[in-house]
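With the sequences and hints as input, model every part of the structure.
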Amino acid sequence: MALEGRIVSRRLPKGGRLIDRSRPLGFSFNGKEMRGYAGDTLASALLAKGQVLVGRSFKYHRPRGVVTSGSEEPNALVGLGRDGSFEPNVRATTTELFEGLEARSQNHWPSLEYDVGAISSMLSRFLPSGFYYKTFLWPRAFWKHVYEPAIRLSAGLGRPPRRRDADHYEHFNVTVDVLVIGGGISGISAASAAAETGADVLLVEQASTWGGRAPIDGVRIDGLGAEEWTGSTLKSLQSLPNVRMRTRTSGVGIHDHGYVLLHERLTDHAPDHSVPRHRLWKVRAGQIVAATGAIERPLSFPGNDRPGCMLASAVRDYVVNYGVAPGERTVIVTNNDDAYRTALTLREAGLGVPAILDARQEATGPLATAARDAGLTVRPGCGIVDIVGRDRVERVQVCSQDGDGEVIDEIHADCVAMSGGWSPAAHLWCHAGGKLSWNDEAAHFAPDPARPPTGADGVAMMQAAGSATGAMHAGAVLESAHAAGVAAGQALGNGRGRKHGRVPEGEDEAHHPMEPVWLVPARAPYAKRAKSWLDFQNDVKVSDIELAAREGYESVEHVKRYTTLGMATDQGKLSNINGLAILSRELGVPIEEVGTTTFRPPYVPVTMGAIAGEARGELFQPVRKTPIHEWHDANGAHWEPVGHWRRPYAYTRHGESVHDAVAREVLATRSGVGLLDASTLGKLVVKGPDAARFLDMLYTNMMSTLKPGKCRYGLMCSENGFLIDDGVVARLDDDTWLCHTTSGGADRIHASMEEWLQTEWWDWKAYVANVTEQFAQIGVAGPRARDVLNELGPSMDLGKEALPFMAWTDGALGNIPVRVFRISFSGELSFEIAAPAGQGRALWDRLFEAGKSFGITPYGTEALHVMRAEKGFIMIGDETDGTVIPQDLGLHWAISKGKDDFLGKRAQEREHMADPLRWRLVGLETLDGSVLPDGAYAADEGVNANGQRRTQGRVTSTYHSPTLGRGIAMGLVERGPDRMGEILEFSVIDGEPIRARIVSPVFHDPEGEKQNA
Amino acid sequence: MLILTCPYCGVRCDETELAPGGEAHLKRFGPGSSDEEFEDYLFMRANPNGVHFERWRHVYGCGKWFHAARNTVTLEVYGTYSAQVHAPPQEIRDAVSNRVPGWHWKDES
Amino acid sequence: MGHYSALAIAREAFRDHRGWQRAWKSPEPRRRYDVVIVGAGGHGLATAYHLGKNHGITNVAILERGWLGGGNTGRNTTIIRSNYLQDASAAIYEKARSLYETLSQDLNYNVMFSPRGVMMLAQTEHEVRGYRRTAHANALQGVETEFIEPRRVKELCPIIEIRGPRYPVLGALWQPRGGTARHDAVAWGYARRCSAMGMDIIQKCEVTGIRTSGGEVRGVVTTRGDIDCGKLGIVVAGHSGHLAEMAGFRLPVESVALQALVSEPVKPCMDVVVMANTVHGYMSQSDKGEMVIGGGADGFINYTQRGSFSHIEETVRALVETFPMISRLKMLRHWGGIVDMTGDRSPILSRTPVGNLFINCGWGTGGFKAIPGSGWGFAELMAKGESPLCADLGLNRFREGRFIDESVAAGVAH
Amino acid sequence: MPESVTPLDGATCSGFVTIKDAGLAGMILLRADLGDTDVVSALQGAGFDLPDPAELVGELGNGALWMSPDELMILCAHDEAEAIVATLAEALSELHVLVANVSDARAVFRLSGNGSAVREVLAKLSPADLRQAALPPGRVRRTRLAQVPAAFWFASDDEAVLICFRSVAGYVLELLLKVATPGSEVGHF
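Chains as they are written, first to last, in the working numbering: chain B, 1 to 1013; chain F, 1 to 109; chain E, 1 to 414; chain H, 1 to 189.
The hints are simulated quantities; they were obtained by calculation from the structure and are not laboratory data.
If you're wondering where the values come from, they're calculated on a predicted model, not measured in any experiment.
Where a beta carbon is used, it is the ideal one built from N, C-alpha and C, also for glycine.
Check each hint, because a few of them may be wrong.
A short, non-exhaustive set of chain H residues, derived as facing chain F with CB atoms under 8 Å [stated by the list, open to error]: (1) 47; (2) 51; (3) 67; (4) 68; (5) 127; (6) 131; (7) 132; (8) 133; (9) 138; (10) 139.
Computed cross-link-like contacts, BS3-like style, restricted to lysine-lysine with a CA-CA straight-line distance of at most 27 Å [unchecked claim]: (11) F/27 / B/765; (12) E/204 / B/435; (13) E/204 / B/32; (14) B/899 / F/27; (15) B/707 / B/905; (16) B/144 / E/267; (17) B/897 / F/106; (18) B/144 / E/154.
Here's what the structure looks like:
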C-alpha cells in the first residue's frame, strides 16, 4: 500500500471494473484536496483515501462511516457544491465523482472529528426514544424559547441552501406499453422478453452502468460471465425498434393507473448549467415490471454503528467495482451464505479476513466450503458482542450467538462486513396498493403476486421480477424475470400465442438456508441491546423498539412514530425489517402479523426543482396578455394580476405615486375623457331557439325581453343563491345574445353555461361560444368621449338618439370594424368598443391619437373601481364574497318577479335568505371625511355566547374619492337601508373607532345625467 | 393519477386534462320543491366506499361533460358514458355487476 | 400511570428504562358504556377527555378500527391557527389554540406546541383586502392577528422571495401565537389521560352496525361484539358518511384525498409557518428539520390515502417560487389522508336525526388545529345537549342556508 | 384598414426545433349537429369536408378541424373568414347552428425539425400520447400544454402545428423555447 501524505491509500493495485485509472479526478472533502478516478463514486473515492469517518448521526451525533454502496445509504450524506449549486444531504454512495467536486460532511460543530453535539451520545441513557414527550413540560415558556431551539439546532442534517438554484429542470411525458425498472440482469431479461412479445419497452436503471450485482457476484448466464452477457444482451436490445433504454434514471414513484415517475439525472455527474439538471419523467405504462433487486440487511449486534461496519455486499462492491479496500482486515459476520462471497472476494484481492463469524450453528454450503478451502476461518454459532474503537473499528469482540454476550475472543480488525440476509426492494410494488407476504424461509417480505397493484381496468398493472420477488439465485432470478416480461407484454395483448424466447440460464453457487437472526447475541442484556443499532441515521436501537412496545406503542406505525425508526432519509431501507423483527419478538406475535409501515413514494428522494420542472420565474404560471399589453408596459403601467391576466392598476408618470396617478386618472376621465383596456372582460355568444329561455334561467333578470340592438345589466347566481357574476348582455339578433362577464369570470361562466346545457337541459337548443379572445375591447369614458369617437368615425352616428344609453351598434372607427356599446361602469358618458384582437392595438393607438386634443388619459383598474364606487355600482369580489345574495345589495330591480325559475331562485327562498336582519348594502360617509379602513367592522353592543364582540356591519369597498375630495365607502349593514342617517362606529385595530353615517351608496351623479348624456 | 376515456372523442385522458364534477345523476329541484328536497339536491352526496357514478369534464380537450363509473377504493374504472342520461346505461351496469358481484343500481332491487 | 418529568427519566435511566408503564391500557370491550365514541383520532380522544374532565363522564369507550391516531391526526401538516373570518370558526379554532398552549401540562405529555407564528401571504390586492378584513374581524373576536407589511414578512421569514417576480408579497396576515405541534403526541397524550381516567380505548375494533330503536341509539355492533351505549358520538372524518348510513341518515359530505410531503431534514432556516394561498401551498419546518409542505385536495372521491401527483407538483411548484432555496432540497416522502369535505367546507358538530347520536365531522383540510376546541365543544354538546361552540355548526344549516363560508378570505382553508 | 397582427408578431426562434409564428390564419367556429346531412352539405358547399372525430381534413388555411362532437373549426385564409362566415350562415340559416369568426382569438405555431425532436418538445409539456402510432399526421390532439389548453397536429412527419389562445401566446413561446434548449434532446421517440 502506497502512502499519500499521512493517509493510507486503500486503492488496490489492480481491479475496479468501473474505474478508469487513466483518468484521475481532483475533488475535495471538508476542504482537503483529494484525487480519485473516473468511475468512482464519492464514497469509493473517500474510502480509497482511507476516509472512514464521513458524518455524524442525527440524534446522538455519533461518528458515522459509509455502510452501503447504493441509494439506501443512511450515513454518508454530504453537502455538495457551493452557492447556487449547493445541495445538502447528498448520498456519497451514488454521487459520481467529477473534476472539482466539493463535498463537506454534515451535522457537526465545530468539525467532523470534534463535535460538541456528540455529548448527547454520552447522555444517551437519558435520551431514550420518545424522551421529549416526557419532559420539557415545565416551565411552559421554556419549550418555545429554550428547549425547542436547542433541539432544532442539534437536529436537522445538512445546511439549507442559501442561493437561488443555478440549474433548471424539465418534465417529459411518455406513454409506453411496458416499463421495466431496474437494469440488472432481471430487468434486462424482462425487457428482452417483453420486447419479444412486440410491446414498446422502456428500460431504466438508476446507476450509470448496467448489470446490477450479478457481475460482482460471479454469476454466469448461458455460459457467459454476467458482464459479458449483459453487454451482448444490451446490444441486441439496442437494435430493436421497440426498446428504449436509459441509465441514471430511477423509478421513484408508482401511482394509480400506471402513472410512474422516473427521476433522470442529466448533469449531476458533469455539472453544466446550460442544460436541464434533472428530468422528471411522467410515464403512463400499460404494465410495469419492477426489477428493483434486493437490499441487504445489517445485523443487529452491539457496536454495529461504528465506522468500518459495512454491509457485506457493499464491501464486495468497493473491492470489485472500484478497486478499493474498505479495510485491511475484515471480519465477516453473517446469518447467511451470501456474505461468504465477500470473504472470498477479499481473499482474492489479497486482503485479510481474520474470521467469518456465522450466527448459524452450521455453515456447510458450497460457499462456506469454498471459504474453508481458501483457508479462511469459519466460526459457526458466533457473533459480535462489541466493537472496540472510537471513530472506527479497531477490535472485534467475539461471542457465542446463543449466549448472553460473554467475550470469547477479540480480533484486531478495521472493518466488519455484516449480512443479516436480503430483503426484496418491494417499495415500488406497494406505492399504489400492492401487498406483500412474509416468506418464513428467506425471512423477508416479498411482493404477493396474488395481491398486485391494479390499474384502471382493475387487473394487475405490475409484475415483480428477479430478486425483487425474493428469488435469490441466478437461475430463479432469470426465470422469474423472463416470466414477468412475457406476462407484462401479454397482459397488453401482445405476442399471445407466439413462441417465446428461451429463458436465459443462470448459474451461481447454491446456498445453505439462512437463519433469521435478529439479535446478536441472542440473549444480549439491556446494555448491549442499547448499543445495537437498527436505524443508523436516527439512532434507533433495539432497546428503543422494546421500550416503545412495553409502553403500549404496539402498532407498527406507533413504533415508527414513537422511535423514529425508518423515518430517516433512507426511509427504513436498512432498518425496517430488523425493527419489525424486534417488535414481533417483544410483542410475541409473528412478524407477518406485525406488518410493515406503509411504503410511500418516492423510493429515493427527488429534487424539488425537478418536481417544479420548467414552471419557474416567468414560466411559473401563464401570464395572459391583452392585445394592448405592450403599450401599457411601455407607458408606466403598474400591474395588477387579475386571474392570470395582467391589467394596469394605474399608469404612473415619472415621480408620481400610484395613489396620485389614480386620482389624476379619475379626475381626467370625469372632466375630459379616459381610455380603458377592457379586453379582459368575458364575451360569450349564446345562440339558438332556446337561447332566450336558457339565459332567463342563468340570469336573475329577464333576458328574453331584451330587444335586438339593446343591452341590459344582468346578475348571475349560483344554484345556492349567491351572486357569482354580473355584466352587460347585448341582444345581437333574434336568437343571439352576447353576454359580458367579469374579467376573472369568463372561463368559469362559460364552463357553467356548458355544464347546464350538457348535463341538465341537454334537449335545449342553445350553443355557446367563448369569443373573449377574439376581441379587444376599449372603454372611452368621460364628457368628451363622443368627441373622440367622432374624430375617428365620422360615418358612425353615435349621437344620443341614434345610440342611446344601453344600446349598441356596428360600424367602423378609424377604418377598423367595431361594435360600439353604450354602457358605463364609471357613470360617465361612455362607449365600449370591441374590435378584432388583431387590430386592437391599432384601435387603441388611433383612439389615443384622436383623443390627444381632448386630453385623453388612459386609466387603470383602480381608477375604474373608484369611479364605480362613486356611482354606487357593486363589484363582484368586493361587495360579494360568496355569501351575498342580490337582495342584500339592493338589486331587487334586477331580479325578475315574473319568472318561475332561475338559478338561485329556490335557494333564495330558504329561511336564512329571507331573514330581515341580513346585512344590506349602504353607502358610508365618515364624519371627518377620512377613508374608512378596508374590511373594517361596525361593532355592536355586547358579546355573543362565545365571548366575541357582536357586529352589525362591515366595509366592503372604501376609497378616497378624488371627485368629492373625501373618503367614500360602501358596506353591508344590518337592516342598513332602513337606517339612513344613523351613525356607526367602525373599529380600528390599535386606534380610535371611526364614525361614519349611513347614506345612499350613490355618491356621484345620482340622477345619471352624465351617463345618459 | 387517473386515466378516463372520453366517450366523445375517444381520447384516453390524463387526469390533468379533466375536471371532476361530483356525483352524477342528481335530479334538480327548483322552486316549488320542499326544503328537504332542495337540501338533498344541493348538498347530500353519495360518498360510497366502492362503486360511484360521477361527472367529469374533458376540459383540456373537447370540453364535453361525461359520466364515469369508478370504484373509490380500488380506483377501477368500469366505464365512461354520455352525460345526457338520467341513469347509467345497461352496459355500464353490466360492467359493474361483472366486477362487483351483488352490486345493483339504486333504482333496481 | 407514572408521572412524566425529567426526574422520572433520570430515575429510569438508572434502571434501564424498565419502570415505564403502558401509556394506555388495552382492555377488552365491556357490554355497556354511558358514552361510546367511534374513532380514536385526535377529535374522538379529545371529546372523551373533555367528557371526563369537564363533565365527569368517564364510563366511556373509544372504539378504533385501526390504531389510535392513525387517520388524519397522524397525517397532517400540524399547523395551528385561529385567524378565521367567520365568528363560528374563529370561536372554535381560537378555543382550540388557547387550549393547545397548556395542553402539554394538562396532559402531562409534551405535545411540543410551538407558537412560532403563522403568516398567510397576501399576493394580490384582493387578498390584501381579504386579510385586512380578517384582521378586523379577529380583533373583535379576541383573536390576536395583524396585517403586516412585506418588510416585516421578510424579517420574520428571510427565505421568502417577497419580490415575486410573479406574485410579489404585498403583506401578510400574521398570527404570532399560531404555530405547530407534534401531531402523534396529541393523540397519544389524550389517549394516555383518557386511559388514566378509566376510559377504555379499544383498538382494532371496527363498528359494523348501529343499533337504534324508537328513533334513539342503543348501541353499536362491532368486530369485537355488541356494545350498548347511552350516547354515541361518531368522530371518524372521511368515513363519516359510511357510519351515518348505518344509522340511517345522510350527510352533506364527500371524502377526498389531501396530500402532504416532507423534504429531507436541514438545519433550522424557517421559524414561522407560511401559507401562500394565491399559489396554493404552505410550509413550515419541523423540529427534525424537514420542510413540511401541504397543498390542495383532489376533487373526486377517493378512499386510497393516495392522492394525485399533480397536486404535489402544483404545490412544490408554488413553494419553489415562494422559497427559491428549496429547489435543491429533496422530497423525502409524500402521503395522503382522506378528508371529509362539507358543502360549505366548515365542520359539522351536531345532533342527528337519531336521538342521542351525535356527529363530529367535516373538518376537511383543517382538523388538526381544532382538536382541543372540537373536543371541548363536542363533549359539551354530548353531555348537555347544546354548546355555544357548536351552535352554528349544526347539520340544519344546509337546509336553512346558514353557511359558514371561510373561502371568503382565502382560496384554501387549512 | 390597419393590418391585423398576430400575437407572435412573426417571431421565429430555434432550439433543437424551430418555432415559428404561422402567421395570420382564418378560423371559423361552427357549432352544429355534425351528423345532420344538411350541415354536411352546407359545409361542402362552402368547400369543406367533414373531418372524422379527432382529425383534420386539409390544412391550416384550408381545412376543417374536429373540435368536439358538435364543433368544428374551419380553417381558411384570414381575410376570407368574414366572407365564409356569411356564406355558411346563409347556407345554414334554417338550422340551429352557431358560426363565428374567431380568426383573431388564437396564436398558431409551426414547430419543425427532426420529427422525433418535435414530438419530444411537445412531450415535455403535454401528457398526450405522442407516439407516432397514436398521433400520426392528420390526427389532432386537444390537450394541455404545461398550464394552458392547446391543440396540435402533425402536418408532416417533421412539422407540427400548434394552436393556443392568443393571450398566452407569449407564455407558450417561452415554454417551447425553454424546452427546446439545445443539449436537452431526449432521444426517446
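Checklist entry - Of the hints given before, which are not true for this structure? => result 1, 2, 6, 7, 8, 9, 10, 13 and 17
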